[in-house]
Amino acid sequence: VTDELPEGLDALERETRPPPRLKARVLRTLRERGLLRHSGRPWRMIGAVAAALALFALGLALGRSTPSGPPDTRPQFLLLLYQRGADTATDTLAQVHEYVAWARSIRKVNGLVLGEELDGRAQLVAAEHAPAVPVPVPAEGPGALVGLFIVRAGDMDEAGRIARGNPHLRYGGSIVIRPIKPT
Amino acid sequence: VTDRDDRELVQRIAGAGDERAFGELYDRHTPYLYRLALRLGAGDEALAADVIHEAWVRATERLSAFEWRSALRTWLAGFVVTVHREQVREPREVTLAGDGPATEDRTQGATWDGVDLERAIAALPAGYRQVLVLHDVEGYTHAEIGALLGLDAGTSKSQLARARQAMRSALTAGDEKGAARDR
Numbered sequence: 001v002t003d004e005l006p007e008g009l010d011a012l013e014r015e016t017r018p019p020p021r022l023k024a025r026v027l028r029t030l031r032e033r034g035l036l037r038h039s040g041r042p043w044r045m046i047g048a049v050a051a052a053l054a055l056f057a058l059g060l061a062l063g064r065s066t067p068s069g070p071p072d073t074r075p076q077f078l079l080l081l082y083q084r085g086a087d088t089a090t091d092t093l094a095q096v097h098e099y100v101a102w103a104r105s106i107r108k109v110n111g112l113v114l115g116e117e118l119d120g121r122a123q124l125v126a127a128e129h130a131p132a133v134p135v136p137v138p139a140e141g142p143g144a145l146v147g148l149f150i151v152r153a154g155d156m157d158e159a160g161r162i163a164r165g166n167p168h169l170r171y172g173g174s175i176v177i178r179p180i181k182p183t
Numbered sequence: 001v002t003d004r005d006d007r008e009l010v011q012r013i014a015g016a017g018d019e020r021a022f023g024e025l026y027d028r029h030t031p032y033l034y035r036l037a038l039r040l041g042a043g044d045e046a047l048a049a050d051v052i053h054e055a056w057v058r059a060t061e062r063l064s065a066f067e068w069r070s071a072l073r074t075w076l077a078g079f080v081v082t083v084h085r086e087q088v089r090e091p092r093e094v095t096l097a098g099d100g101p102a103t104e105d106r107t108q109g110a111t112w113d114g115v116d117l118e119r120a121i122a123a124l125p126a127g128y129r130q131v132l133v134l135h136d137v138e139g140y141t142h143a144e145i146g147a148l149l150g151l152d153a154g155t156s157k158s159q160l161a162r163a164r165q166a167m168r169s170a171l172t173a174g175d176e177k178g179a180a181r182d183r
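For the protein sequence lines, the chains are A and B, in the order given.
Here my numbering is used: the first sequence runs in plain steps of one and ends on residue 183.
Here my numbering is used: the second sequence runs in plain steps of one and ends on residue 183.
Just to be clear, a hint being listed does not mean it is correct.
[To be verified] Between beta-carbon pairs, the in silico distance windows are:
1. A:R170 / B:P31: 51 to 61 Å
2. B:R7 / A:E32: 35 to 45 Å
3. B:A71 / A:V109: 48 to 58 Å
4. B:W68 / A:R17: 20 to 30 Å
5. A:R161 / B:D27: 52 to 62 Å
6. B:A16 / A:K108: 44 to 54 Å
7. A:D72 / B:D27: 42 to 52 Å
[As the list claims (entries may be wrong)] Pulled from the structure, derived: some chain B residues nowhere near chain A, Cβ distances all over 10 Å:
8. L47
9. W56
10. R69
11. G114
12. H142
13. G154
[Said to hold, decoys possible] Rough simulated footprint, nothing fancy, chain B against chain A, three-plus residues with beta-carbon under 8 Å:
14. 9-22
15. 30-36
Hints in this document: simulated from the structure, not taken from any laboratory.
No residue lacks a Cβ here, since even glycine has one placed at the ideal position from N, Cα and C.
With the hints as extra help, turn the sequences into a complete structure.
Here you go:
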């Protein structure tokens, strides 16, 4: 009898958790096609903005205070923080604490040079004599650029390890690392 | 999940483009749909994500026309199957050399764990895999499979018999390889 049901097939797993970014991708497409209207909770959005301001203000303070000890000559790396959509703005207070803890941990090893939030405006200068033209903040690719850090690290691998510890990744964001050329 | 819950969410999405309602519907059904897409695509995660993305977009475009003649999940799964077929462009029917009634079944009484079974499913030719997954794992009838895959019910039945046979051969071959390694 060869066409009997092989045992166990009907007991296989029926569900698998999809990748977290897939939902943001689906939502973005549906918004772009006018099938959904953004329904983020206003208080959450306000909380997210306030949290971001607090975060980057603290990052600023941490980054600009003069570190003790001899000058650090390690290379600097720019960490560009990207965010897709607004649906990841959840527990903003917890988020602030996580960012602060991360910034402090980097600061402890004299690794933090700068932490800033970017506001929502952008201008494009396309040629030497062309005027600066206001443009929308690009939201394609990894998403909108929402913040940055400059950290010191021995090399790209170490910068990558530092970036992987940033809580931004746990909130659905992504980070692009760019080495800064020494001057 | 009740049909009533789904109806309420669908009304909110189709009527007002309610993104929060969509998020709830997505969270409720996507783990099942994603697992189905993974299985149809032999575990290809990138393909499964693309399939789910496109399936949700198409389903959302047609939500207001859904007539509730089946469960919403069944209707959504139809999009997954259709999109998967389009993306892989596989033939609807597969014939293997040497197909025919088996004269000996060494698998009777044998049992396999989930990993063995998933591996054997993934190794099946795509046409067989679709029918076997839909019938033996997901519980669709031959009439439903015929409608989903554009086959008549008789073809679905014969495909299933061949799929089971191919799967049993793969499982037996796996057992023999394992035994040879053990020796």
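Evaluated hints:
The hinted range of 51 to 61 Å is not satisfied by R170 (chain A) and P31 (chain B), whose Cβ atoms lie roughly 20 Å apart. Distance hint for R7 (chain B) and E32 (chain A): a CB-CB separation of about 27 Å, inconsistent with the stated range 35 to 45 Å. A C-beta distance of roughly 56 Å is found between A71 (chain B) and V109 (chain A), which places it inside the suggested range of 48 to 58 Å. For the hinted restraint 20 to 30 Å between W68 (chain B) and R17 (chain A), the CB-CB distance of approximately 28 Å keeps it satisfied.
For R161 (chain A) paired with D27 (chain B), a C-beta distance near 33 Å fails the hint of 52 to 62 Å. Distance hint check for A16 (chain B) and K108 (chain A): the Cβ-Cβ separation is about 50 Å, which falls inside the suggested range of 44 to 54 Å. Between D72 (chain A) and D27 (chain B) the C-beta distance comes to about 46 Å, which sits within the given range of 42 to 52 Å. Distance check on L47 (chain B): its Cβ is at least 12 Å (rounded) from any Cβ of chain A, clearing the 10 Å threshold; non-interface status holds.
Listed as outside the interface, W56 (chain B) is inconsistent with that label: its C-beta sits roughly 5 Å from the nearest C-beta of chain A, within the 10 Å cut-off. Every CB of chain A is more than 10 Å from the CB of R69 (chain B) (nearest about 23 Å), matching its label as outside the interface. With a least beta-carbon separation of about 6 Å from chain A, G114 (chain B) fails to lie farther than 10 Å from that chain, contradicting its non-interface assignment. The Cβ of H142 (chain B) sits about 13 Å from the closest Cβ of chain A, beyond the 10 Å cut-off, so the non-interface label holds.
At the 10 Å boundary, the C-beta of G154 (chain B) stays outside the reach of chain A, the nearest C-beta of that chain being 14 Å off. Check on the stretch 9-22 of chain A: 12 of its residues sit with their Cβ under 8 Å from a Cβ of chain B, so the three-residue criterion for coverage holds. Here the stretch 30-36 of chain A counts 6 residues with a CB under 8 Å from a CB of chain B, which clears the bar of 3, and the coverage holds.
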